[in-house]
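Respectively, the protein sequence lines represent chains A and B.
If you're matching positions, the first sequence starts at 4 in the numbering used here and goes up one per residue.
If you're matching positions, the second sequence starts at 4 in the numbering used here and goes up one per residue.
Keep in mind that the hints were calculated from the coordinates and are not lab data.
Keep in mind that the hints are not guaranteed to be accurate.
Because identical chains share one entry, a pair is satisfied inside a single copy or across any pair of copies.
To be verified - List of simulated lysine-lysine pairs, DSS-like, C-alpha gap at most 25 Å:
hint	residue 1	residue 2
1	Lys278	Lys167
2	Lys137	Lys270
3	Lys254	Lys55
4	Lys316	Lys298
Predicted model, so just to flag it, every value in this text is computed and none were measured.
Residue strings, one per chain:
Number of protein chains: 2
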Amino acid sequence: MILANRPVGIPEKNTWNYKEELIPEIQDGQILIKHQYISLDPAMRGWMNNSKSYIPPVEIGTVMRAGTVGEVINVKNNTNFKVGDFVSGWGGVQEYSISDGKNYHIINDKNNPIHRYLGALGMPGMTAYFGIIKEGKIKSGDIVLVSAAAGAVGSLVGQIAKIKGCRVIGIAGGNEKCKYVKNELGFDEVIDYKNDNIYSALKKYCPDGIDVYFDNVGGEILEAALAKLRMNSRVVICGAISQYNNKSKMKGPSNYLSLLVNRATMKGMVVFDYKNDYPIAIKQISEWFQQGKLKSNESIFNGIDNFYEIFLKLFNGNKRGKLILKI
Amino acid sequence: MILANRPVGIPEKNTWNYKEELIPEIQDGQILIKHQYISLDPAMRGWMNNSKSYIPPVEIGTVMRAGTVGEVINVKNNTNFKVGDFVSGWGGVQEYSISDGKNYHIINDKNNPIHRYLGALGMPGMTAYFGIIKEGKIKSGDIVLVSAAAGAVGSLVGQIAKIKGCRVIGIAGGNEKCKYVKNELGFDEVIDYKNDNIYSALKKYCPDGIDVYFDNVGGEILEAALAKLRMNSRVVICGAISQYNNKSKMKGPSNYLSLLVNRATMKGMVVFDYKNDYPIAIKQISEWFQQGKLKSNESIFNGIDNFYEIFLKLFNGNKRGKLILKI
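For reference, chain A alone in the conformation it holds in the complex (with noise of 0.2 Å):
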């Protein structure tokens, strides 16, 4: 799936291009993988954008960027694979990547699907495991709010906030979201942002205030959360959605100098950071998934040839968990 132009606002179907090509012979040193699975995250549409980010944007004419998990079909002199291999890596949206192998990751692991590693044991684990311990730096006791709740990152921030013994309050899209959320992934209290008025929602679960708040959002919801901070609070800034397809210029927190008077701190945060880190965020979340303490969420859908609209559910909203496109 190659990317054709830049989006301006929401992708359109012309915003990427289906080729079809002949996989090319391997050249020493490479290896061939199959995918089997293709993430699909809210960040790739940032990448979309012709600007300075954390990573450069994908070039037109260039294959989509995207996580993938899949299995090492052919290796040629290169003693870090075997065919076999099951590896999750950076393949991109297309059925087969040729690689040298580095930045690759074999995932050899018989107590994990291997599409876990594109959800709590990839890219969205890993931000929820250090962006709530590391960056909200939680501690028991603590009130932990975290919208996008019933999303990839979300679920899993506000599950392992709930493990770390805080008391947790989702904000999450529709009454069907908002009891995934409260019954099944187990949150204290649950904020349906379509149907309730958040501020007293807000007022009515954390009257007290909030000590970690865990934005995947921005927008009005940021402003909503800020307006509760507690003294000495965190605000995590891991995304804003809500904004990334916006045509005009994005909406700051107006009311930002809550900060000020909480002595807060608001801290962005990329999970590439902690890169080094990640073996051990997954050792710990693949032993809560064996105790039973998390739950698994994956939306995962079918056929590269629907990646357009499968990709769209990221915005609106039509989905569960963590968005997968099955090869």
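With the hints as your guide, set chain B onto chain A.
For chain B alone, kept in the frame of chain A given last:
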């Protein structure tokens, strides 16, 4: 000077009432202080709003809160003070105050003029010292940007950052102030936000971005600064004078996601949190003055009856450094 009503936007003359009354007899344990100087601070505007903040608002019908320095002229059974002591405290906008002495500090200091205890050795000095050192976490070689650079706090922030080996760029309004900041205070560069394009000026003076932004103003200058953040940079939110008299909703920084891209921290500070460490800062700042490393900057105006016009100088830019009312 009695707060008569809560202003909307810029205070008006009838926001306060001037009231004369006889000084009451002091009671057991009390001291009577004759004020010599009254501190005028931007924060006072915030205290006039009936909204939750770091200290309660000034009540309607009570004396306008303000820092003061003066001389103890009567003492009744209070062993902590004697007649002739110079003290600083929260005496309010009036000629005399009566107190049990709690929160009054003796400043019998031969090395510094008494009014400096409202400036570099008072709240602005403490704010600058702890703000740039503890919150800004400056180290030698850092690029530091300071707004309201000719103001009470900003002028000290920049001078302290210079002492600590940073490269310092100030932002001030108008040619006269800018000359003062660069030539007299010794900042490396200065940007005139009234006459320069702030974005091109920042490009010129900090081509590689900034490590610390010390914000006294908010609004568009905060946005411009966020656009220049380096990795792991710090934004210290000390105030937002451009927004204090806003009648409509404040403006939040639309590009706050720069915090994410640059893993930057934005943190609010309130100087009172450092109360226990004030003596350390006073000793250090006083030393710097004796060594000629710090330059004093006060604008002193006469007469409590002129309070209203002088107070407005905080907001119309018509002063340099710390604004002080002399009785």
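Results for each hint:
In this assembly of identical chains, the alpha carbons of lysine 278 and lysine 167 lie at most 25 Å apart only when taken from the same copy (22 Å versus 33 Å across copies). Taking the shortest Cα distances, lysine 137 and lysine 270 sit within 25 Å of each other both inside one copy (11 Å) and across copies (17 Å). Both within a single protomer and between protomers do lysine 254 and lysine 55 lie at most 25 Å apart by alpha-carbon distance, with minima of 19 Å and 24 Å respectively. For the identical chains of this complex, lysine 316 and lysine 298 are intra-copy neighbours only, at 21 Å inside a copy versus 60 Å across copies, given an alpha-carbon limit of 25 Å.
The structure is consistent with each of the numbered hints, conforming to all of them.
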